[in-house]
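S.K.: Given next are the chains, with one letter for each unit.
Number of protein chains: 2
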Amino acid sequence: MATLYHYPLCPFSRKIRLLLRERNIDPDLITEAFWQKRKEFIRTNPSGDVPVLIIEKIKICGHYAITEFLEEKFETTFPEDINEKNECRRIMDWFDSKFHSEVLKIILHEKVERQFLNVEQGGGLPRLDRIKVGIHNLNYHLKYIENLLNDRFCLVSEKVNNADFTAAAHISCLDYLGDIPWKRYPRLKEWYAKIKSRPSFRSLLTDQIMSIPPRGKYVSLDF
Amino acid sequence: MATLYHYPLCPFSRKIRLLLRERNIDPDLITEAFWQKRKEFIRTNPSGDVPVLIIEKIKICGHYAITEFLEEKFETTFPEDINEKNECRRIMDWFDSKFHSEVLKIILHEKVERQFLNVEQGGGLPRLDRIKVGIHNLNYHLKYIENLLNDRFCLVSEKVNNADFTAAAHISCLDYLGDIPWKRYPRLKEWYAKIKSRPSFRSLLTDQIMSIPPRGKYVSLDF
Numbered sequence: 001m002a003t004l005y006h007y008p009l010c011p012f013s014r015k016i017r018l019l020l021r022e023r024n025i026d027p028d029l030i031t032e033a034f035w036q037k038r039k040e041f042i043r044t045n046p047s048g049d050v051p052v053l054i055i056e057k058i059k060i061c062g063h064y065a066i067t068e069f070l071e072e073k074f075e076t077t078f079p080e081d082i083n084e085k086n087e088c089r090r091i092m093d094w095f096d097s098k099f100h101s102e103v104l105k106i107i108l109h110e111k112v113e114r115q116f117l118n119v120e121q122g123g124g125l126p127r128l129d130r131i132k133v134g135i136h137n138l139n140y141h142l143k144y145i146e147n148l149l150n151d152r153f154c155l156v157s158e159k160v161n162n163a164d165f166t167a168a169a170h171i172s173c174l175d176y177l178g179d180i181p182w183k184r185y186p187r188l189k190e191w192y193a194k195i196k197s198r199p200s201f202r203s204l205l206t207d208q209i210m211s212i213p214p215r216g217k218y219v220s221l222d223f
Numbered sequence: 224m225a226t227l228y229h230y231p232l233c234p235f236s237r238k239i240r241l242l243l244r245e246r247n248i249d250p251d252l253i254t255e256a257f258w259q260k261r262k263e264f265i266r267t268n269p270s271g272d273v274p275v276l277i278i279e280k281i282k283i284c285g286h287y288a289i290t291e292f293l294e295e296k297f298e299t300t301f302p303e304d305i306n307e308k309n310e311c312r313r314i315m316d317w318f319d320s321k322f323h324s325e326v327l328k329i330i331l332h333e334k335v336e337r338q339f340l341n342v343e344q345g346g347g348l349p350r351l352d353r354i355k356v357g358i359h360n361l362n363y364h365l366k367y368i369e370n371l372l373n374d375r376f377c378l379v380s381e382k383v384n385n386a387d388f389t390a391a392a393h394i395s396c397l398d399y400l401g402d403i404p405w406k407r408y409p410r411l412k413e414w415y416a417k418i419k420s421r422p423s424f425r426s427l428l429t430d431q432i433m434s435i436p437p438r439g440k441y442v443s444l445d446f
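Here the protein sequences line up with chains A and B, keeping their order. Note that my numbering gives residue 194 to position 194 of the first sequence, counting from 1, and the numbers run on in steps of one. Each number in my numbering comes from the position in the second sequence (counting from 1) with 223 added on.
In isolation and in its complexed conformation, chain A is listed as follows (with noise of 0.2 Å):
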């Protein structure tokens, strides 16, 4: 039995679904609106952020926490060499720090979190100033991603693994909203395909956010 925190389109969450996923655990999913600082979920995470796992009467908050601690109690999704090991984890790095930062951050913030925040909270319309700062650079890192799979079937090497899960769980959501534009990046669109094909992906696909429903061919596998 395992209980799962999660918000549909963060995406730390949505790495710990397919980490979860992919060693066959179906954790029951609680959709945590994390903004509201709901005082029980405070009790369970301080930091108030989802993921939050509960798993076997063990309670591990954050997607960190979370993802070395199913690398360590079940099989492993690391590559084994210790080389590539370390560009899984700088991979993973890159995208939990510097995309979602410089990316998604800025681009959920516009698209999605204004639309349930009040004008003193700074909520409000999409600022189309912020998101065209957030497309650029997405390009930027999009680019990079498709020069690293010149010489790679996958990220790291030629077998899947939690630098993929992690780059796909912050790309979906882009997806989700319709921002990725697939034409010109044609190695990371099979590259994409091949990880949305996998069974661990298909509960992300049936992910709705209120108000806000999935663009363009999110849910197709044929995209």
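Think of the hints as simulated: they come from the structure by calculation, not from any bench. Think of the CB as a built atom: it goes at the ideal place given N, C-alpha and C, for glycine as much as any other residue. Among these hints, one or two may not hold up.
Unchecked claim - What follows is a set of in silico ranges between Cβ atoms, one per label pair, in the way DEER data are often shown:
| hint | chain 1 | residue 1 | chain 2 | residue 2 | range |
| --- | --- | --- | --- | --- | --- |
| 1 | A | R43 | B | F446 | 32 to 42 Å |
| 2 | A | N24 | B | Q338 | 50 to 60 Å |
| 3 | A | K143 | B | I253 | 22 to 32 Å |
| 4 | A | N147 | B | L444 | 41 to 51 Å |
| 5 | B | I435 | A | P213 | 46 to 56 Å |
Using the hints provided, position chain B relative to the given structure of chain A.
M.R.: Relative to chain A, chain B alone:
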């Protein structure tokens, strides 16, 4: 033989310096002005960030990969108990993500980075309204740590571990700038004095940033 590319007031570099010296590894330090995006360094780490560790001919980029690499290859600096280990990673993540983005990144940008940037890059005098935001957030975080230390000798348990080294790395940057109001947080001060007096901490106390000398009692063990 180990070489560490670092920056003196980068909390992630400081954490790795502590984790290395706790294991009696004394690396050659290369100071990298990472914001200059030096071509040779971008070839070493495409994200352009410090720290980067080269050890036993293995290159490891980023504090996440280095922390877990050291854990797997050398003696542990995590707690053994699984719940304490999860709590340790939760607190590390708190400092590396939440504390960094809400406090340290803001204050370092205003008080340090803007001095080294020209006007087009966003350089200039420190903006007092931004520093005020950082200091306001700082007190919220310090109160939380003071509470944690209410019933524990260190942040996670009775023994010093990665959570303490991570927290001390971040707090030491603010102490360098004279921004920690020690008198208001007696338990925090007692805990920091303990970490500061460890041999692994010594090298951090000799750091000097050009044009920004350390403030107050940064170097003193009796502060």
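S.K.: For every hint, state whether the structure bears it out.
M.R.: Here is what the structure says about each hint:
1. A:R43 with B:F446: 32 to 42 Å: holds, 34 Å
2. A:N24 with B:Q338: 50 to 60 Å: holds, 53 Å
3. A:K143 with B:I253: 22 to 32 Å: Given about 29 Å between the Cβ atoms, the range holds.
4. A:N147 with B:L444: 41 to 51 Å: holds, 49 Å
5. B:I435 with A:P213: 46 to 56 Å: Holds: the Cβ-Cβ distance is about 51 Å, inside 46 to 56 Å.
Of the numbered hints listed earlier, not one is contradicted by the structure.
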